[in-house]
Amino acid sequence: MHKETKQIAIYGKGGIGKSTIAANISAALASAGKKVLQVGCDPKQDSTRLLLGGNRIATVLDYLKASTPDTLKLEEIVHIGFAGVCCVEAGGPEPGIGCAGRGILSAFDLLKQLGIDDCGYDIALYDVLGDVVCGGFAVPLRKEYSQLVYIVTSGEFMSLYAGNNILRGVLNYEGSGKRLGGIIFNQRGLDREGQRVKRFAEAVRLPIVAGFPRSDLIAEAECQGQTIMEAFPETELAKSFQLLAEYISGDPPRMAAHPLTPDELEEVIFGRRPGGVVSSAGTTSTSVHIETAPSAVPSSFIAPPRRYCSKSVQNHGVLHGCAFNGASHTVLQIRDAVTVAHGPESCAYLTSRGITSSARRTYERRGMRLGHGLAPALRCSEMDERIVIFGGNDELTAVLRRVVKERPAAIFIVTACSSGIIGDNAGLSISKIQGQTGAAPMILIESDGDITGDYTQGIIDAMIAVANGIIDPGIPPEDDMVNIVAEKNLANNTEHNFRTVRELLDAMELRVNCRFIRDCTTEQLAGFMRARLNLPAYDDFYARMVRDFLVDTFNAPFLSSPFPVGFHAASDWLRNIGAHFGKSDAAERIIAHHSESYKEAISAIRPALSGKRILVSGQDYRLDWVLEAASDAGMEIVKVGIQDSPWYDAFMSRFEGLAPIERSYTRERMEEDMRELAPDLTLLSHPWFGMPEGFRFDIVPMCPDVGFYSGVQMVKRWQRLMRLPAKEGWRNDI
Amino acid sequence: MIYEGYAGYSDIFADGFTGVLLGLEGIADAAVILHGPTGCRAHHSSMSEYGFPRDVVHDRLNYADRFYFGQPRIPTTYLDGDDYVFGASEKLRQAIRAAEAGSPGLLAVVNAPGAALIGEDLRQCMAYSAIDIPGVVIEMPALSRPMAEGYQQAVLAVLETIQPQRSPVRPKTVSLIGISIAHSHWAGSLSELRRLLALCGIEVLCVPGAGSRLADWYSLSRTACHAVIHAEYAGRIADWLTKRFDAPVMFPQSGAPIGFEATEQWVVAVAEAVGADPAPALSAIREQRRDVSRHMSRISGVGRALKGMTCSIQADPSIALPLSRFVYEYLGMLPVSVATPDCANTGLAKRLKDFLTDIGCMDIWQEPWQTAGADFLFSDGHQVNQRLAFGCFEGGIELVLPLGRRVDFVRKPLLGAMGAAYLVETIVNGVPDYF
Numbered sequence: 077m078h079k080e081t082k083q084i085a086i087y088g089k090g091g092i093g094k095s096t097i098a099a100n101i102s103a104a105l106a107s108a109g110k111k112v113l114q115v116g117c118d119p120k121q122d123s124t125r126l127l128l129g130g131n132r133i134a135t136v137l138d139y140l141k142a143s144t145p146d147t148l149k150l151e152e153i154v155h156i157g158f159a160g161v162c163c164v165e166a167g168g169p170e171p172g173i174g175c176a177g178r179g180i181l182s183a184f185d186l187l188k189q190l191g192i193d194d195c196g197y198d199i200a201l202y203d204v205l206g207d208v209v210c211g212g213f214a215v216p217l218r219k220e221y222s223q224l225v226y227i228v229t230s231g232e233f234m235s236l237y238a239g240n241n242i243l244r245g246v247l248n249y250e251g252s253g254k255r256l257g258g259i260i261f262n263q264r265g266l267d268r269e270g271q272r273v274k275r276f277a278e279a280v281r282l283p284i285v286a287g288f289p290r291s292d293l294i295a296e297a298e299c300q301g302q303t304i305m306e307a308f309p310e311t312e313l314a315k316s317f318q319l320l321a322e323y324i325s326g327d328p329p330r331m332a333a334h335p336l337t338p339d340e341l342e343e344v345i346f347g348r349r350p351g352g353v354v355s356s357a358g359t360t361s362t363s364v365h366i367e368t369a370p371s372a373v374p375s376s377f378i379a380p381p382r383r384y385c386s387k388s389v390q391n392h393g394v395l396h397g398c399a400f401n402g403a404s405h406t407v408l409q410i411r412d413a414v415t416v417a418h419g420p421e422s423c424a425y426l427t428s429r430g431i432t433s434s435a436r437r438t439y440e441r442r443g444m445r446l447g448h449g450l451a452p453a454l455r456c457s458e459m460d461e462r463i464v465i466f467g468g469n470d471e472l473t474a475v476l477r478r479v480v481k482e483r484p485a486a487i488f489i490v491t492a493c494s495s496g497i498i499g500d501n502a503g504l505s506i507s508k509i510q511g512q513t514g515a516a517p518m519i520l521i522e523s524d525g526d527i528t529g530d531y532t533q534g535i536i537d538a539m540i541a542v543a544n545g546i547i548d549p550g551i552p553p554e555d556d557m558v559n560i561v562a563e564k565n566l567a568n569n570t571e572h573n574f575r576t577v578r579e580l581l582d583a584m585e586l587r588v589n590c591r592f593i594r595d596c597t598t599e600q601l602a603g604f605m606r607a608r609l610n611l612p613a614y615d616d617f618y619a620r621m622v623r624d625f626l627v628d629t630f631n632a633p634f635l636s637s638p639f640p641v642g643f644h645a646a647s648d649w650l651r652n653i654g655a656h657f658g659k660s661d662a663a664e665r666i667i668a669h670h671s672e673s674y675k676e677a678i679s680a681i682r683p684a685l686s687g688k689r690i691l692v693s694g695q696d697y698r699l700d701w702v703l704e705a706a707s708d709a710g711m712e713i714v715k716v717g718i719q720d721s722p723w724y725d726a727f728m729s730r731f732e733g734l735a736p737i738e739r740s741y742t743r744e745r746m747e748e749d750m751r752e753l754a755p756d757l758t759l760l761s762h763p764w765f766g767m768p769e770g771f772r773f774d775i776v777p778m779c780p781d782v783g784f785y786s787g788v789q790m791v792k793r794w795q796r797l798m799r800l801p802a803k804e805g806w807r808n809d810i
Numbered sequence: 005m006i007y008e009g010y011a012g013y014s015d016i017f018a019d020g021f022t023g024v025l026l027g028l029e030g031i032a033d034a035a036v037i038l039h040g041p042t043g044c045r046a047h048h049s050s051m052s053e054y055g056f057p058r059d060v061v062h063d064r065l066n067y068a069d070r071f072y073f074g075q076p077r078i079p080t081t082y083l084d085g086d087d088y089v090f091g092a093s094e095k096l097r098q099a100i101r102a103a104e105a106g107s108p109g110l111l112a113v114v115n116a117p118g119a120a121l122i123g124e125d126l127r128q129c130m131a132y133s134a135i136d137i138p139g140v141v142i143e144m145p146a147l148s149r150p151m152a153e154g155y156q157q158a159v160l161a162v163l164e165t166i167q168p169q170r171s172p173v174r175p176k177t178v179s180l181i182g183i184s185i186a187h188s189h190w191a192g193s194l195s196e197l198r199r200l201l202a203l204c205g206i207e208v209l210c211v212p213g214a215g216s217r218l219a220d221w222y223s224l225s226r227t228a229c230h231a232v233i234h235a236e237y238a239g240r241i242a243d244w245l246t247k248r249f250d251a252p253v254m255f256p257q258s259g260a261p262i263g264f265e266a267t268e269q270w271v272v273a274v275a276e277a278v279g280a281d282p283a284p285a286l287s288a289i290r291e292q293r294r295d296v297s298r299h300m301s302r303i304s305g306v307g308r309a310l311k312g313m314t315c316s317i318q319a320d321p322s323i324a325l326p327l328s329r330f331v332y333e334y335l336g337m338l339p340v341s342v343a344t345p346d347c348a349n350t351g352l353a354k355r356l357k358d359f360l361t362d363i364g365c366m367d368i369w370q371e372p373w374q375t376a377g378a379d380f381l382f383s384d385g386h387q388v389n390q391r392l393a394f395g396c397f398e399g400g401i402e403l404v405l406p407l408g409r410r411v412d413f414v415r416k417p418l419l420g421a422m423g424a425a426y427l428v429e430t431i432v433n434g435v436p437d438y439f
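Residue numbers (the numbering used here), protein chains in the order written: chain A, 77 to 810; chain B, 5 to 439.
Take these hints with a grain of salt, some might be off.
No more than 30 Å apart at the CA atoms, straight line, and that leaves these computed lysine-lysine pairs for DSSO-like [stated by the list, open to error]: (1) A/K141 to B/K247; (2) A/K149 to B/K354; (3) A/K315 to A/K274; (4) A/K141 to B/K354; (5) B/K95 to A/K387; (6) A/K688 to A/K675; (7) A/K188 to B/K247; (8) A/K508 to A/K481; (9) B/K95 to A/K254; (10) A/K82 to B/K247; (11) A/K82 to A/K188; (12) A/K315 to A/K82; (13) A/K188 to B/K95; (14) B/K247 to A/K149; (15) A/K315 to A/K120; (16) A/K188 to A/K149; (17) A/K111 to B/K247.
Bear in mind the hints are in silico, worked out from the structure with no lab data behind them.
Take the sequences, apply the hints, and build the full model.
Right under this line is the structure:
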């Protein structure tokens, strides 16, 4: 706003008469020769009506919605009213749709962008709804918008309650100085109303700068669509407004906010101490003591425990990635389905880029082309600033109409955080379209960006939604069929590992029925129950959650061990599967065949590594394959350090007792160990700047290749590392 | 081959949110905080880190602490569901302090789409932190708007914050406006344009939003001309500059300096604007043309002859216009689809349509590349990589936001004379043998 403009915010509960008071103050100021701007910040859009002969004007948000960015003009939203008062209504969305608070933010941004700051107003008056002091409705409290805040209230409890809330809002913005001008008392003619307001004013240490009695004149002027200043300029009431206008436009004192606690407020208003806490049985007990820390989350916001959740969600940890992305990446694996991202285009772009990037890496590094990964069938409702204010159901409906014409086997709708925050009802759009003849099944996954959790939570939720929506529980199992469950769709070696596992299954004469959920069709998913056994790809927290859900819901039988990494694990895995399908002989034949090759390979490496000391650390809790390979190669395992992981929760090892194992291992501890234990080779998850010099290190892959020879590949690499200098030359140039 | 029938028609592009972040990350000494979830940040951090490498990142654990999570660029306040309800001002203040520890020249805070809805007072958080460097705040990035719009939003926010003061103009100096670190090979392109302009005695003082340090931005008031590279990324910035300073803005009539002719026209226009002689640069361009021509004559008539091959171009008009002309007129390749992501009807778009009409190809305007079946695709990294799903042995050339894993140790240009040569080289080595 222009440097000389005095900026004033009038806050009050809805319906308390703040717009009438604001309009009369503006009219009085303008009549006194001031250049005045009044901005209505109430979705009711009637702040300036009395200044405009009872007429409503196009709001800033309506204008923003109907115009393109290059055609916006200030004069289209600033209307001249009584005595030259410039009138603006911020406006708001339809009740129940979109986000009114965001609307206020956007309206203020647009006014600023169109140059309202340069219009040279003497006074700008913001008339603001104070029922909900969220971030949007608090915009006029910001330093750049208002220097002084007045609270309009009657003696009703809810009005004073709203006034107290406004004080709490002001307190949050008070860093730059005192901001409160006082209380404007708008009487409703209630019994002992004045005493309540006076007690409140004293308690919050604010003056009552004006009081307006209940008057028929106001109602009469309103009928004429006018302010008192216009309709009855010679009355006492008009003089009161003039006096208030003079006071406000002068240099009134500024006071700090001293809001009351809820108990104090009740005591002040009703003149009695509040009662005790009502127990669930309905009896009142004053002996109940509830301790609350100032930053504690109110119990009403604590969600009931979820049954199937990611480790980060369960532990209230940092959310890595968002559920929207995890859910989208999961359902995009279904080749004959289309996924609709209900959110801004950036969300869809990042999702699409992530999956394309992963598929590209798989192609470049492993030579495997993944069509669905490179060209994911993703559409977007393209929420922009206008849509997040007014709600995005129309746009979502339009996208769904287009997608239905593509005739996919299923449509998944995944919601981003913008949709979740404004409370869009995507189900409404789905129900509109679903009635159409031939429309595919539509499954809504309300991930709401990361509101429901992290990337892994999104995967779990998507799998649950797909299972509940598509799996036919009545299909009987067929012989020699297995499902693959919980592969990691972004890992570079997922396809490689699947092929390795499939070769082993082929050798056992077992067939893969469905990959849940990876590179599959809706038909394969529907026939999930055909498999007699489900093979989990991993056994980390997420994979166990997916398993638990499928067991609980469909009674799906699971193998206890994940895809095998290393010789021992592969042997056990085959034996367990063989036992389940009555194919133990086949399993032993395969193991025997690979046993020969494994021994041969390890024997060739052993002379180079025998006796070498190795320190092993990592975030992947399945390290036995590494320990096995090191041990078989004759290396001495000096220590195993297990770092905390966002994905794993329980480290178990068959090498427990054979080597010292330290959990919650840190970088600092590893540095100490490297110096003390002097290993010939250190395995870690990431190298770091300032690592002790002169030590050879190698990286433990987060998602290792599976099969009998995982460890062999690693020790072959270590054999090469032992022949190389510990530090490459380029590291000296950093 | 179209994979499964449902894929491949994606018209999803990076939007203004990406434009804002990369516009600010284009300032060499800026620290940009994303007030939002980690999910909005990972790819942007990666785009910045690989597009504009400046930190020594042999050390991911150094950034494994709070706000960074293993990536050196664009720390984030990792908002979660509770933060959307209760706000996250304190977290943001802590992130500001953490970013400030790196001694940046400018600190910016950008709201993620969700955070933009909760109305946190970012300026107040910045004020509480009492930073003594310029602070920029983007409360509502240009969601679902073109990336170029977001980029300009960021540059303008910086200009509004630092307010360079009017100062005496230095003759034969320019700023280059309308290029971002999202443009492939932007650093190599700028080196090439600096080289050509230096041959004419013209010095480049500043490239706001693409590699210049904040201190260089103040020289915008001293340059004799603001030379536009990509018009889509420059319009509003040009308006801002012309309102405050005397220097003219040169909008290239043929689009960006892509291909030899557009480069010649661009150099001549800049030289004219500052009163310099373009002859030395034109001579260098001619020499480059002869060099390319010698290579082309050697391979012409064997497997990799380009004449008669087809291409699809999906890019902003400032790229699509000169590129269409270059591949058609210079290489003899036939465009079979030409599309602009935002379909805006700008002056350059009109000239592009005129060109397509002149060569009898107006029917290919805004045709999706997916159905055109071209031998080669020029588009953003995301689209080029999607082409692999169609059974193509190579994707094409990534014009913006490259996604391939190629790391350039030696700078390559896409603009200028050497850029034209590099384009031809990449096309020749990227198309299958025809015969």
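Item checked: Those earlier numbered hints the structure runs against, lowest number first -> none
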